[in-house]
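Got chain A sorted already, so can you dock chain B onto it with the hints?
So you can see what is in the structure, the chains are spelled out below.
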Amino acid sequence: MDILQTLKDLWLDSGFSSFFADGGWKNLIMIIISCVLLYLGIKKQFEPLLLVGIAFGCLLVNLSYFGPDSTDALYHPELWTNFLNPDHADYHSYGTILTHGGLLDILYIGVKAGIYPSLIFMGVGAMTDFGPLISNPKSLLLGAAAQMGVFLAFFGAAASGVFTGNQAASIGIIGGADGPTAIFLTTKLAPELLGPIAIAAYSYMALIPMIQPPIMKLLTTEKERQVKMEQNRVVSKTEKIIFPVIVAMFVILLLPSTAPLVGALMLGNLWRECGVTERLSDTVQNALMNIITVFLGISVGATTAADSFLNLKTLLIIVLGLTAFAFSTVGGLLVGKLMYYLTGGKVNPLIGSAGVSAVPMAARVSQMEGQKANPSNFLLMHAMGPNVAGVIGSAIAAGFLLTVFG
Amino acid sequence: MNPTLLATQAADSGTKMSVGDAAIVALVGYGVVFLGIVMLMVILYISGSIFKKRDAKLAAAKAAETKTTPAAAPTAAKDIPAAPGSAGKVKLNGIADRDAALIMAITADKLETPLNELRFISIKEIK
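Protein chains in written order, with my numbering: chain A, 118 to 523; chain B, 221 to 347.
This is chain A alone, in the form it adopts within the complex (with noise of 0.2 Å):
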């Protein structure tokens, strides 16, 4: 037996060695760019459900994929490729991602199904009360008004002539501060920048305490801000069960793709409200959606490949997804200040920033800024009106887009 060449062949099949392979450092980058989300997650706790799984997929990913010759690699994107292409004999063929496979490759099936997002969404409906919207319709408005980042994003990245058509929508998303619709979207459209994404949708939800008050301080005077509002009706038992179903049926038939993530988001708050079916209802708020949440974080993790997620793109989808979510924010407050002037001074524009989604973060940012202005506001019941309106808004801006691209 030759000792050396067992030797040398052990070193070979290391990954060690591939980081001095071709295009190994670009692995070594990921490495410390994963450490980084690990640290922001669990240290500054931005997100860390989901942002300490996305990071540990990212680490896994890099350090067991060097290439398409890297077959103990936990997640293959050349699968996917194939997978995506219609003259490939792989194409939609899961029988081949089971058979050759690693861990994430399959755990990613569930994402690429569509059916973590909508699960996800689910548990959302379940955990959402959406009292504050029944007893005041009107801040829907708000929620649809806070989807102006979406487009803004959409129309400079198609614009930028680097981007295509359904990559533009995927990054525009991510001004819906919503990540499962954000990751719907993209799996849908551009699963290529699926990393980015996630990861900028992810991080820019969880930077909302910071991006938002400079734009709510700008665009809203002392005197606006210090507006208290006047205590939302009482909404019936009847009401609440009533509302997921006008909800599921009216946007369905409005906008078809929206099906998966509006009918998850409204069955969920059925179960919630009807008072029947508590166990579901326990499930899917907490057992279903931590088991979700570890899929979910860790596959789209292992989307991060060094050599799809080093590149120019990144960047740019990084700078977008900021201007998305800055321009949402800007389109609620500029909604709220109307209404504000319109009611005579009865609505604080501060609840209009939490028309991006992001429940409860967003609501949470409104109730801290209007009680700074005025100690005795309390903002929180009547920025979740905005907030939860957000979350159907960009389902339908998505669905819209679904419907143009898909």
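Be careful, since some hints might not be right.
Said to hold, decoys possible - Part of the chain B face toward chain A, derived, beta carbon under 8 Å: (1) 236; (2) 256; (3) 264.
Unchecked claim - Think about it this way: if two alpha-carbon atoms lie no more than 16 Å apart in a straight line, the pair counts; the simulated EDC-like pairs of lysine to aspartate or glutamate are: (4) A:489 with A:341; (5) A:357 with B:345; (6) A:354 with B:275; (7) B:311 with B:345.
In case anyone wonders, no lab produced these hints; they're calculated from the structure.
The beta-carbon is built from N, C-alpha and C at its ideal position, and this holds for glycine as well.
What follows is chain B alone, placed relative to chain A:
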């Protein structure tokens, strides 16, 4: 691994758009979101008004019922025993029971004192 699975560069999805087309899609998209939301808002207003009317009818019927038996209510209220550890009754001036409970809970939380160690004499809304 199957040799036919070897990588090809990930292709971009879709085709590039002209600036004009992108502007039209963006404007129409924003419009569709507003249209959908406004239609939903109208439906919610209609269903809300139906429920408000129904609730008003139920409240009126309840009020009429209590008018016919005016003596029963105070007697029943008197008979309700105070909760264990209760510090007595609180006088509410223009405040709903639910809001009063909320105010007392917030006060106890801010003072970091258990609720049953505090005594609220009256709560009045300052307008």
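Each hint, compared with the structure:
1. 236: holds (5 Å)
2. 256: With a minimum Cβ separation of about 5 Å from chain A (threshold 8 Å), the hint on residue 256 (chain B) holds.
3. 264: holds (4 Å)
4. A:489 with A:341: holds (12 Å)
5. A:357 with B:345: Measuring from Cα to Cα gives roughly 29 Å; hence the hint is violated.
6. A:354 with B:275: holds (12 Å)
7. B:311 with B:345: This hinted pair holds, its Cα atoms lying about 12 Å apart.
Against the hints set out earlier in the document, a violation occurs for number 5 only.
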